[in-house]
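Visitor: Sequence:
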Amino acid sequence: MKFIKWFEEVGTGDVGLVGGKNASLGEMIRNLTEEGVNVPSGFAVTAEAYKYVLEAGGIQGKIRDTLADLDTHDMKNLAERGSKIRALIKNAGCPAELEQEIRAAYREMEKRYGEGVDVAVRSSATAEDLPSIAADEPVLVKFGGKTVYQEVEGLYEAYNGEAAKNNGNGAGVRMEVPAMEEGKEVKWKRVDEIYRHPANAATLFKITTKTGREIKVSPDHSLIVLDRDFKVRTKSIQDLEPEDKIPVVRRLPDPDPVPDPDPNPDPNPETGRGASRTARRHLDVLEYLKSGEKSDEAVTDEAGKVKLKRSGNWKIQNGLPRNLPLTEEFLYFLGIYAAEGSTYKQNEVSITNSSPEIRKRVTDFLEGLGLWHEGRKINKGSVRVYCPSLVSFLHRVAGAPLNQQGKGRHCRTKRVPDFVFGLERELVGAFLRGCFDSDGDVGKNAINYSSLSKDLIGGVAVLLERLGVKFYLRRKLTRISIPYKEAERFSRLVGFECVKKAERLNALAEDYKGKEKHFDFIEVFEINPDLFRDAVEERLPREEVEESRCPLCSSVVGRTSRYKGKTRFYCKKCGKAFYEDEVEKERRFEKGATPWNKGRISRRIGARLLRRVAENYGAEEVLEGLNGAVMWDGIKEIEPIEYSGYVYDFVVPGVENFAAGMGGIITHNTASFAGQQETYLNVRGEDELVEKVMECFASLFTNRAISYRVDKGFDHLSVFLSVGVQKMARSDLACSGVMFSIDTESGFSDAVYITGAYGLGENVVQGAVNPDQFYVFKPTLRQGFRPIVEKKLGSKRKKMVYKEAGAGKTGTGTGARKAGTGTRQEKVGEEDRKKFVLTDDEVLRLARWACIIEEHYGTPMDIEWAKDGTTGELFVVQARPETVHSQKDLSSLETYVLEEEVEKLKEAGRLLVEGEAVGHKIGYGEVNVIENARDILNFKPGQVLVTDMTDPDWEPIMKVAGAIVTNRGGRTCHAAIISRELGIPCVIGTVRGTRVLKGVKDVTVDCSEGTGRIYEGRLKYRVEKLVLDNLPRPGTRIMMNAAVPENAFIQGQIP
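The sequence shown begins at 1 in the working numbering and counts up one residue at a time.
These aren't lab readings, by the way, just hints derived from the structure by calculation.
In this text, all values refer to a predicted model and were calculated from it rather than measured experimentally.
Keep in mind that the hints are not guaranteed to be accurate.
[Unchecked claim] Listed next, with one range per pair, are the computed distances between beta-carbon atoms: (1) 34 - 316: 55 to 61 Å; (2) 938 - 553: 16 to 22 Å; (3) 316 - 291: 24 to 30 Å; (4) 938 - 1038: 47 to 53 Å; (5) 403 - 51: 45 to 51 Å; (6) 1010 - 1038: 16 to 22 Å; (7) 645 - 51: 19 to 25 Å; (8) 298 - 378: 29 to 35 Å.
Where a beta carbon is used, it is the ideal one built from N, C-alpha and C, also for glycine.
Construct the entire structure; sequences and hints are all you get.
Guide: Here you go:
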């Protein structure tokens, strides 16, 4: 078939054709059914079918015209245009060829499962022209246990090479990339996928920042920007303003420490090991050379010395010690070589430098390797040694010369050895010291480094980011300039071995210290003059004056006659009288107090002075984004360039960005389209199926989907839709739910967390019910035990079922329903509510499946399950990678502690309502009770959202909420999942939260103790951070109370 793919035919490599949901289903059916995991089969109507619908109907132009100049903040206009486009798609009708294939595929399902089989019809969006970067853009990643700086094209091949070893499954491949978190911090984040798209005869845009950083991106690319109001937003390239700033890496996070593979390093200097106090671990030279020679026989280890068997007399050649210790001496030598070293005829290494101090450092190191001896002559400032294995090693790690004669063979191909990027800072500093001692200089107001190798310049820039040293890129990416305000930091972390350069560096640092004014030329901002005005105004002294305003028209009103002893005010404009508690009192400044323009700034200003101004005004929170590992850089130029080839994009869940390009520009990556389009359950018959497929296609233009694409900078006609058609498990007659192969609160990896309720699974996913909960301990489950460590009975007050009672049978025509009946909510009887929806055997079977699925994908998984009430069978109906705790930094443990005692707060009547805690944080803010999604425009950033339950329509305000409180839902409901992703406190299942908190001004939401509690007022709390890497090991065993699994899961992660 042209437009249909059966799930058995697709896998994770087919996301672009069938979308993520359908690709995941196909992956499981093809690989996991043999291991006992039941997955209902079905087929995907591909993204090509969606394109065909638009082309056959000739409606692309009408869609684009309808969306022209759309303001997504105008909700009424957005709704009208979305409705118009959905009608366009439905009225275009399903082309005959596509309709025939859909009908034929449904008839095939009837052959498999019986006449009139019930199916679920789910949308799964995908995209083709995604925001992407050019093939030659460099990216720093952690991959395969190493830290690598490489062009994205090579990373794509390496990533997919590893995926191929895992049956094409990329979910088990561990790659991490630096990404921006919360608008200011840079952290290592896991890559979910790398996409590649053709861009032949295309136009890309080269973005150059004011500090000289560069990156080439596709025209669909959206950028993260900091605007004049110091708000972090995303904008398309076409919408950029001259004063917008884009984020670049100021300071890279250190990679995870790597233990020394040799637990007993040899202290004998003659072996080349244990030679320095800074030695951390060793490089195996033999392994490096084996990967470069044509055969293993060409490289050999002779008594601990590596030699190349390239001639008959190879045994007499100088050998290189097999184990090279990673010391400052070694790293300094590598830096010298990378900057100005050369090789000759595959057997000679030459280092030329006029400084005797530098030559002495080089010869001392070579002497330690047994390649140099005292008294040997240095010819014209050149240190030369003959060692074929050293030549081959340097070519492997620092770049091989070009195959040409004469000068320039080496200078354009040098690079920083990959292993340097993952080393400790003192070793990084030693490498940079070698580079700057060779090709660096100290100018009048900057420290400079020059090279004709773009790879070497890019690598040195990354190492400076590791050390947090600011820099410019100059002269078409051939020079790095470090401003003299960084001189002291550079001197401390890098410095010079060359005495003359060291003296000039010290003079430069002293010169900077001696100046009264320090100008910031890198971070200069054109800000909104009223940036601090609101913060200042809140702190100005005010008084209540006898000036009252009409509640209807805001005109000033005057006192009138009293009525029944109450003061009244009269509005001449409205002709109405109001009591005192009905008018609005005006607040104004005290006479003679701070002038009206206090807090206004109407000029360009540097970051250092801006921070000082904010501190003076007590408005430091306005500039919070300036105080992290990100620097906000101005845009110098956006240049269109012609391009043919592939473009690439990383998918980084949770943050949707990654650092790439020359100088580490934080670029916006592919976003997720999940949850924005429609799903239809209980679909039966060919006619209804065709109708629902077209409705799914139309749902690509729901209000939230349109708004999301505009917000993320996607071209509406470059995002497509596949439709999954899957046999329904009759969970309306039994139960369904969600499970995670990781604890959703603590991130404890040895637990399976399962939730379930009666009826179809939408109630659990949406949070419409409080479900049953089960915890299973994975290690003993694998050993054959029955380790259900906790069971919690949920209220399960209602269930979602099919509308018609006649729907109780499948597989035959008996009791057949009419098409289009859909679903309805039904109360659950008291007796059923008191029972668990799953038996212990069923809980354990689901837990085993979760382990199998996690093992296949190589990452914690979020899984939807269902039980068929007619057969009693359990099924997995969907699975996707978990994106919160699997991305979490586990090197430290944060504990939120309320400063006041809970019992005293209860006695004082300040505890208002309780529910189930999501996460372990505490937050506070002004209460905003919103009971209908139509009123979300009334929500202000930082407020506490209080509502019955949430769905994807609520996400725009959830992203700016200080905390979330809901009446209903379990820990796998929409509100819980989104709050975990956002890292904000959330209390679910309060039952009466909207009623109790209505009219309350401020509350504190406390999730720090397992039970979620909401207190009246803003309570003080503290955050205690425990760095796990540095914990001393006690002399006795630590016992842990496992009676409360939630606490045990947290404490169990302490090493």
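Visitor: Holds or violated: the 19 to 25 Å window for the beta-carbon distance between residue 645 and residue 51?
Guide: 23 Å, holds
Visitor: Do the Cβ positions of residue 34 and residue 316 conform to the proposed distance bound of 55 to 61 Å?
Guide: Taking Cβ atoms as reference, residue 34 and residue 316 lie about 59 Å apart, which means the hint holds.
Visitor: Quick check on a hinted range of 24 to 30 Å for residue 316 and residue 291, using CB atoms only.
Guide: 26 Å, holds
Visitor: Indicate whether the distance between the beta carbons of residue 938 and residue 1038 respects the range 47 to 53 Å.
Guide: 50 Å, holds
Visitor: Is 16 to 22 Å respected by the C-beta to C-beta distance linking residue 938 and residue 553?
Guide: Since the Cβ atoms of residue 938 and residue 553 sit about 21 Å apart, the hinted range of 16 to 22 Å holds.
Visitor: Return holds or violated for the Cβ distance of residue 403 and residue 51 against the range 45 to 51 Å.
Guide: This hint holds: roughly 47 Å between Cβ atoms.
Visitor: Has the hinted range 16 to 22 Å been met by the Cβ atoms of residue 1010 and residue 1038?
Guide: 21 Å, holds
Visitor: Is 29 to 35 Å a correct range for the gap between the Cβ atoms of residue 298 and residue 378?
Guide: 32 Å, holds
Checked against the numbered hints above, the structure violates none of them.
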